[in-house]
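Engineer: Given next are the chains, with one letter for each unit.
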Amino acid sequence: MKPWQHKLASAVGAGVLFAIMAAAITRTTPWQEVGAGGAEDIAALAQALFSDYVIALEVLGVLLTAAMIGAMVIARPLGVPLDRQHYPDVADELLARSMDVSDIQHPAYLRGPVAVRPEAPPAGASVAVADAPEAKQGEGPEPEADPAGGEEE
Amino acid sequence: MIPVQAYVLLAAALFCIGVFGLLTTRSALRILVNVELIANAANINFAVFAQHHGHADGLALVLFVLAIAAAEAAVGLGIFIHLYRHTRTIDVDRSAAMRW
Chain A
1 MKPWQHKLAS AVGAGVLFAI MAAAITRTTP WQEVGAGGAE DIAALAQALF
51 SDYVIALEVL GVLLTAAMIG AMVIARPLGV PLDRQHYPDV ADELLARSMD
101 VSDIQHPAYL RGPVAVRPEA PPAGASVAVA DAPEAKQGEG PEPEADPAGG
151 EEE
Chain B
1 MIPVQAYVLL AAALFCIGVF GLLTTRSALR ILVNVELIAN AANINFAVFA
51 QHHGHADGLA LVLFVLAIAA AEAAVGLGIF IHLYRHTRTI DVDRSAAMRW
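Respectively, the protein sequence lines represent chains A and B. Quick note: the first sequence uses my numbering, first residue 1, plus one each step. Quick note: the second sequence uses my numbering, first residue 1, plus one each step.
Simulated from the structure, these hints should not be mistaken for laboratory data. C-beta atoms are modelled at their ideal positions from N, C-alpha and C, and glycine is treated no differently. Take the hints with a grain of salt, since some may be wrong.
Unchecked claim - A short, non-exhaustive set of chain A residues, derived as facing chain B with CB atoms under 10 Å:
no., residue
1, H6
2, F18
3, A22
4, T26
5, I42
6, A46
7, L49
8, A56
9, L57
10, A66
11, G70
12, A71
13, P107
14, A108
15, P113
16, V114
Build out the structure end to end from the sequences listed, making use of the hints.
Structural biologist: Structure follows, in structure tokens:
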């Protein structure tokens, strides 16, 4: 399916959806909007939030904390073990190694003037296929078998 | 004053714009932006009906929806960072390994 066909079908679908919703909305009798209360609205919101919905508020705080921690665990660099206590040398070295961003190929409009452009890495090194991260993560559990041994090079 | 239907029509229009943008993009970040737009269209509805009925329950729900959308955006961004590290692209059409 060509891109313009895809866009046209999506536009038609969204337009049909809007037509159905607009027909349902405008068939009802028009209500009159009450004017905004300003400070009384905020006082009423605080009253409702801390008396009726206080449990939901606390659970929301826990949810936000859990989401942030989860996002940090999901987005951690590849191959770094989760605890530094048991793998202190491996963790720090892999963390330092994974922070290396010199192989990122920026788009042309972000590369800067020609005189300071960094050398492009070979094409085979930066394209990460599915087996490359698996090979890197396979190095993570390796220190388990050899805790007193040196780090892999 | 402005009738309630104008606000609800605005929310419906924003929802449809968000759905259109969500379906016609390949970038993962744009998908997140459109999901936020759809959630905010629903927020407009909550706020309008809270104002119309005089309760503050809708306003509390607006705050909850906003916080949950923020948490979802954080986790979604974490997933996209991990996806980029594996596939070196944020094109979601290229990351269709679980589709036929």
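Engineer: If a hint holds in the structure, say so; if it does not, say that too.
Structural biologist: Hints, one by one, checked against the model:
1. For the restraint placing H6 of chain A at the interface with chain B, the shortest Cβ-Cβ distance is roughly 6 Å, inside the 10 Å limit, so the hint holds.
2. Taking 10 Å as the C-beta cut-off, the interface hint given for F18 of chain A holds, the closest approach to chain B being about 4 Å.
3. Interface hint status for A22 of chain A: upheld, as the beta-carbon distance to the closest one in chain B is roughly 6 Å, under 10 Å.
4. A cut of 10 Å between beta carbons decides the hint on T26 of chain A: the least distance to chain B is about 6 Å, and the hint holds.
5. A least Cβ separation of about 8 Å between I42 of chain A and chain B falls short of the 10 Å threshold, and the interface hint therefore holds.
6. The interface hint given for A46 of chain A is met, as the beta carbon of that residue sits about 8 Å from the closest beta carbon of chain B, less than 10 Å.
7. For L49 of chain A, the interface hint holds, the least distance from its beta-carbon to any beta-carbon of chain B being 5 Å, beneath 10 Å.
8. Annotation: A56 of chain A was flagged as interfacial toward chain B, and the flag holds, the nearest CB pair being 6 Å apart, inside 10 Å.
9. The beta carbon of L57 of chain A is positioned within 10 Å of a beta carbon in chain B (closest approach about 8 Å), and the interface hint is therefore held.
10. The beta carbon of A66 of chain A comes within 8 Å of a beta carbon in chain B, closer than 10 Å, and the hint placing it at the interface holds.
11. With 10 Å as the threshold, the beta carbon of G70 of chain A comes within range of chain B, its nearest partner Cβ sitting at about 6 Å, so the hint holds.
12. The beta carbon of A71 of chain A comes within 4 Å of a beta carbon in chain B, closer than 10 Å, and the hint placing it at the interface holds.
13. Given hint, P107 of chain A at the interface with chain B, is violated; its Cβ is 12 Å from that chain's nearest Cβ, farther than 10 Å.
14. Taking 10 Å as the C-beta cut-off, the interface hint given for A108 of chain A is violated, the closest approach to chain B being about 16 Å.
15. Taking 10 Å as the C-beta contact cut-off toward chain B, the hint placing P113 of chain A at the interface is violated, the least distance being around 25 Å.
16. The closest approach between the C-beta of V114 of chain A and any C-beta of chain B is roughly 24 Å, which is over the 10 Å cut-off, so the hint fails.
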